[in-house]
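K.L.:
Taking the hints into account, I'd like the entire structure generated from these sequences.
First to last, the protein sequences are chains A and B. If you count the first sequence from 1, position 213 lands on 213 in our numbering, and the numbers rise without skipping. If you count the second sequence from 1, position 217 lands on 217 in our numbering, and the numbers rise without skipping.
Simulated from the structure, these hints should not be mistaken for laboratory data. Treat the hints with care, since some could be wrong.
[What the hints assert, rightly or not] In silico DSSO-like cross-links for lysine-lysine, where the CA-CA straight-line distance does not exceed 30 Å: (1) 141(B) x 385(A); (2) 89(B) x 169(B); (3) 229(B) x 212(A); (4) 75(A) x 242(B); (5) 229(B) x 7(B); (6) 212(A) x 75(A); (7) 340(A) x 306(A); (8) 244(A) x 212(A); (9) 242(B) x 244(A); (10) 304(A) x 385(A); (11) 363(A) x 141(B); (12) 242(B) x 297(A); (13) 304(A) x 340(A); (14) 244(A) x 80(A); (15) 169(B) x 80(A); (16) 304(A) x 244(A); (17) 297(A) x 80(A); (18) 385(A) x 340(A); (19) 306(A) x 242(B); (20) 297(A) x 385(A); (21) 80(A) x 42(A); (22) 244(A) x 306(A); (23) 7(B) x 169(B); (24) 80(A) x 212(A); (25) 242(B) x 304(A); (26) 80(A) x 304(A); (27) 297(A) x 141(B).
[Said to hold, decoys possible] Just the calculated beta-carbon pair ranges, DEER-fashion: (28) 362(A) x 87(B): 44 to 54 Å; (29) 151(A) x 50(B): 39 to 49 Å; (30) 117(A) x 18(B): 24 to 34 Å; (31) 15(A) x 41(B): 33 to 43 Å; (32) 117(A) x 276(B): 22 to 32 Å; (33) 228(A) x 145(B): 49 to 59 Å; (34) 199(B) x 146(A): 37 to 47 Å; (35) 154(A) x 46(B): 42 to 52 Å; (36) 46(B) x 362(A): 37 to 47 Å; (37) 227(A) x 224(B): 46 to 56 Å; (38) 19(B) x 228(A): 28 to 38 Å.
From the three backbone atoms N, C-alpha and C, an ideal C-beta is built for every residue, glycine too.
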Amino acid sequence: MLLSEFKSKELLAQYGVAVPRGRLARTAEQAEERCAEIAATKYVVKAQIAAGGRGLAGGIRFAATPSSVHDEAAKMLGSKLVTEQTTAEGETVHAVYIEAALTLKNQCYVALALDPDSGNPMLLASSEGGVEFEQRARMDEDAVRTLVLSGDGEADRSSLAEFLGGFGIAEAPAIDQIVAAQRAFVENDMTLLEINTFALTADGDWVAIDAKVALDQNALFRHPEFDSIVEDQGLASAEQEAQKSNINFVKLSGNLGVIVNGAGLGLATNDMIIDANGQPANFMDIRTTATSFDIAKGVEILLKDKTVKAILLNVHGGGMTVCDTVAEGLTFAYSRNQRKLPVIARLAGQNADWGVQILRDRKVPVEVFHDMPRAVARAVELAGKGAR
Amino acid sequence: MAILVDKNTRVMVQGMTGRAGTFYTDLALRYGSAYVAGVRPGRGGTRHLGLPMFHTVAEAVAETQANASLVVVPAPRAADAMIEAIEAKIGVVVCITERVPQHDMVRVKRALAGSDTVLIGPNSQGILTPDQCKIGVMPTKDARAGRIGIASRSASLTSEVLANCSAAKIGQSTTVGVGGDVLHGIGFQGCLERFRDDPDTDAVVLIGEIGGREEENAAAYLASVDYGKPVIGLVVGRHAPKGRRMGHAGTLSVFGHDSADEKIEQLSAAGVLIAEDASTVVETVIGALK
Chain A
1 MLLSEFKSKE
11 LLAQYGVAVP
21 RGRLARTAEQ
31 AEERCAEIAA
41 TKYVVKAQIA
51 AGGRGLAGGI
61 RFAATPSSVH
71 DEAAKMLGSK
81 LVTEQTTAEG
91 ETVHAVYIEA
101 ALTLKNQCYV
111 ALALDPDSGN
121 PMLLASSEGG
131 VEFEQRARMD
141 EDAVRTLVLS
151 GDGEADRSSL
161 AEFLGGFGIA
171 EAPAIDQIVA
181 AQRAFVENDM
191 TLLEINTFAL
201 TADGDWVAID
211 AKVALDQNAL
221 FRHPEFDSIV
231 EDQGLASAEQ
241 EAQKSNINFV
251 KLSGNLGVIV
261 NGAGLGLATN
271 DMIIDANGQP
281 ANFMDIRTTA
291 TSFDIAKGVE
301 ILLKDKTVKA
311 ILLNVHGGGM
321 TVCDTVAEGL
331 TFAYSRNQRK
341 LPVIARLAGQ
351 NADWGVQILR
361 DRKVPVEVFH
371 DMPRAVARAV
381 ELAGKGAR
Chain B
1 MAILVDKNTR
11 VMVQGMTGRA
21 GTFYTDLALR
31 YGSAYVAGVR
41 PGRGGTRHLG
51 LPMFHTVAEA
61 VAETQANASL
71 VVVPAPRAAD
81 AMIEAIEAKI
91 GVVVCITERV
101 PQHDMVRVKR
111 ALAGSDTVLI
121 GPNSQGILTP
131 DQCKIGVMPT
141 KDARAGRIGI
151 ASRSASLTSE
161 VLANCSAAKI
171 GQSTTVGVGG
181 DVLHGIGFQG
191 CLERFRDDPD
201 TDAVVLIGEI
211 GGREEENAAA
221 YLASVDYGKP
231 VIGLVVGRHA
241 PKGRRMGHAG
251 TLSVFGHDSA
261 DEKIEQLSAA
271 GVLIAEDAST
281 VVETVIGALK
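P.N.:
In structure tokens form, the structure reads like this:
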């Protein structure tokens, strides 16, 4: 779960990471007023959305005076920002963060993540930084260097000093901040902490100019302090609703609703749909713990979505998610809703025949296929017809 | 033969008395696997599903010589259960629990370093050597004993590929689910190394997906050795949107370099035969065996 920049910085500041003076605003008037509290010679207005790639999408603007802060905030608030990490519709900007714009002498990139091989925290750093950096790092793997930390404070401090020296970040105050950031990373169950840029100001201070924190959703049970944040800015509402029903759901922009058990089969199904020139309306992974009532909730999300014109049900039954459980779930949803989208069913594995029988007995408008590519082709065709 | 588990494997279940523990233990017993004990603090001295229960893993090992463990413990306590099994020197530990916090896995990985335990998972469907030993949640209906090894990041796709293979009379030596989480135990490389040494495995199928480094590590390993057996690869998520988590936590790309196309390119360069999509894996396997 990504935190907004404002929340990320607030959290880091508690651990002693320096951040620019800033205030949150939800209206343009508020944004202008808050400038007095920040008292800077130049300001920066930043859209608060929980996705990266903001800078390139126009979500960060400089303003010389409080009145131009007002104008920039007015343009951003309520607008939708489309970045490469949001959906095609983009994410609505509900708040902006106003900060003192600082004069920077030296900029770099630092991030903390967990090393998938060793499991230890690792520091990623580059002597470059800034809004285009994420893209450049992708093109050029050597732009970022990695130091795997041991978790032992003292040993880490000396290896950090040596490593960061290579980026011109040799000063003790800079290293103190990275050590503080590492504490914040571990104690808050972060999966990613990115400071881009970590910069030396003209006044000689190292400051986190932007910060992005991803919290581990699976560790929220031991962080009640994040409950209110989860409510305000977690997932899109349909995705949140699905989570509660043991379904992993991601909204996509197409017209073919997809119901699949399992993340891998879900990804494979979406690949096949797009290869067949279709457009999935969603990604769905029914978790093994989902009951038929949970599955019904997932189906209802699709039935309520007017852009969805047909449903592809692709299930390989096994473990606790057997085909009849999924078929039961679908028929519950159909019995409670007026809108009965055509279903293309491909059921395999445990209780496949039973699942098909349930769909037919309950008069679901279903066509049954045994072969996945054929089912996908037919579903794409039906969704396309519905869209016209 | 097979890898990691066979008919001589003696399995205990940590968290056997819960809903999932009971369900999967019962299925494994019906499949004929040698399950010998259950562990649940506070339930020592009782019996469940006809098996003796113990308070701790160490007691269960001492009394029943269990050498493998299935961990079906809720996420907040799963790491402690895995560490207990590692400290008791259990040979193969399979954790099927989903949603284990990543920082808890940091502790588990530290416990694993320097131990001889092979951890499978968490968030894994487990391991199956058909007709010999099942430790996990996978369906066994379509499994068939044979000579293909499967290592996979996805339970549902393993079931799919396995069913298609069995329908074409291509049986499996062992199937291993490495799990859908970012931080996990054995990976593709560990599976490949063991399948290479297994005289009863003729070819290996890798089922990968976007995110993480499993496919990249496998490609680097395969490029560094003369593997000697065909390896077939499927990587799903070619058309998934970037920067979103698609079901498995491990699918979230944090730093770029782990798209399906890049993985396919690296595997292919290392000599892996790439199957276009889930439905063509079996024909790729048949082609490789000719």
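K.L.:
Each of the hints needs a verdict: does it hold here or not?
P.N.:
Outcome of the hint check:
For the hint linking residue 141(B) to residue 385(A), the alpha-carbon distance of about 38 Å lies beyond 30 Å, and the restraint is violated. About 38 Å separates the Cα atoms of residue 89(B) and residue 169(B), which puts this hinted pair outside 30 Å; it is violated. A hinted pair counts as satisfied when its Cα atoms are at most 30 Å apart, and residue 229(B) with residue 212(A) does not qualify at roughly 45 Å. For the given pair, residue 75(A) sits about 27 Å from residue 242(B) by alpha-carbon distance, which is consistent with the 30 Å threshold.
Distance restraint check for residue 229(B) and residue 7(B): the Cα-Cα separation of roughly 25 Å lies within the 30 Å cut-off, and the hinted pair is therefore satisfied. Between residue 212(A) and residue 75(A), the direct Cα distance comes to roughly 23 Å. Compliance with the 30 Å bound is thereby established for this hinted pair. A hinted pair counts as satisfied when its Cα atoms are at most 30 Å apart, and residue 340(A) with residue 306(A) qualifies at roughly 12 Å. The hinted pair formed by residue 244(A) and residue 212(A) meets the criterion: a straight-line CA distance of about 26 Å does not exceed 30 Å.
With a C-alpha separation of about 24 Å, the suggested pairing of residue 242(B) with residue 244(A) holds against the 30 Å cut-off. The straight-line distance between the Cα atoms of residue 304(A) and residue 385(A) is roughly 19 Å, inside the 30 Å bound, and the hint therefore holds. Our distance criterion of 30 Å between C-alpha atoms is met by residue 363(A) and residue 141(B), whose separation comes to about 29 Å. At most 30 Å may separate the alpha-carbon atoms for a hinted pair to count; residue 242(B) and residue 297(A) meet this at roughly 26 Å.
With a C-alpha separation of about 10 Å, the suggested pair residue 304(A) and residue 340(A) falls inside the 30 Å cut-off, and the hint holds. Proximity of residue 244(A) to residue 80(A) is assessed by CA-CA distance (about 27 Å); at most 30 Å being required, the pair is judged to hold. Annotation: proposed proximity of residue 169(B) to residue 80(A) is violated, straight-line Cα distance about 54 Å (limit 30 Å). For the hint linking residue 304(A) to residue 244(A), the alpha-carbon distance of about 17 Å falls within 30 Å, and the restraint holds.
For the suggested pair residue 297(A) and residue 80(A), the alpha carbons sit about 28 Å apart, so the restraint of at most 30 Å is met. This hinted pair checks out: residue 385(A) and residue 340(A) have alpha carbons roughly 15 Å apart, not beyond 30 Å. Distance check on the hinted pair: residue 306(A) and residue 242(B) sit about 25 Å apart at the alpha-carbon level, within 30 Å; holds. Between the alpha carbons of residue 297(A) and residue 385(A) the distance comes to roughly 26 Å, so the proposed pair stays at or under 30 Å and holds.
Simply put, residue 80(A) and residue 42(A) have alpha-carbon atoms about 25 Å apart, close enough for the 30 Å limit, and the pair holds. Pair hint residue 244(A) plus residue 306(A) holds up; C-alpha atoms about 22 Å apart against a cutoff of 30 Å. A distance of roughly 22 Å separates the Cα atoms of residue 7(B) and residue 169(B); the hinted pair therefore holds under the 30 Å criterion. About 20 Å separates the Cα atoms of residue 80(A) and residue 212(A), which keeps this hinted pair within 30 Å; it holds.
Simply put, residue 242(B) and residue 304(A) have alpha-carbon atoms about 26 Å apart, close enough for the 30 Å limit, and the pair holds. Taking the CA atoms of residue 80(A) and residue 304(A), the gap is about 23 Å. The hint holds against a cut of 30 Å. A C-alpha spacing of about 29 Å is found between residue 297(A) and residue 141(B), which places the hinted pair at or below 30 Å, so the restraint holds. Distance hint check: the CB atoms of residue 362(A) and residue 87(B) are about 52 Å apart, consistent with the given range 44 to 54 Å.
For residue 151(A) paired with residue 50(B), a C-beta distance near 43 Å keeps the hint of 39 to 49 Å intact. At roughly 32 Å, the beta carbons of residue 117(A) and residue 18(B) sit within the given window of 24 to 34 Å. Taking 33 to 43 Å as the suggested C-beta distance range, the pair residue 15(A) and residue 41(B) conforms, at roughly 36 Å. One distance hint, 22 to 32 Å for the beta-carbon pair residue 117(A) and residue 276(B), holds here, with the actual separation near 29 Å.
In this structure the hint that residue 228(A) and residue 145(B) lie 49 to 59 Å apart at CB holds, the actual value being about 54 Å. Between residue 199(B) and residue 146(A) the beta carbon distance is about 39 Å. The supplied range of 37 to 47 Å therefore holds. At about 48 Å, the beta-carbon gap between residue 154(A) and residue 46(B) stays in the expected band of 42 to 52 Å. A C-beta distance of roughly 43 Å is found between residue 46(B) and residue 362(A), which places it inside the suggested range of 37 to 47 Å.
Our hint of 46 to 56 Å for residue 227(A) and residue 224(B) holds, since their Cβ atoms are close to 48 Å apart. A hinted range of 28 to 38 Å for the beta carbons of residue 19(B) and residue 228(A) is consistent with their spacing of about 32 Å.
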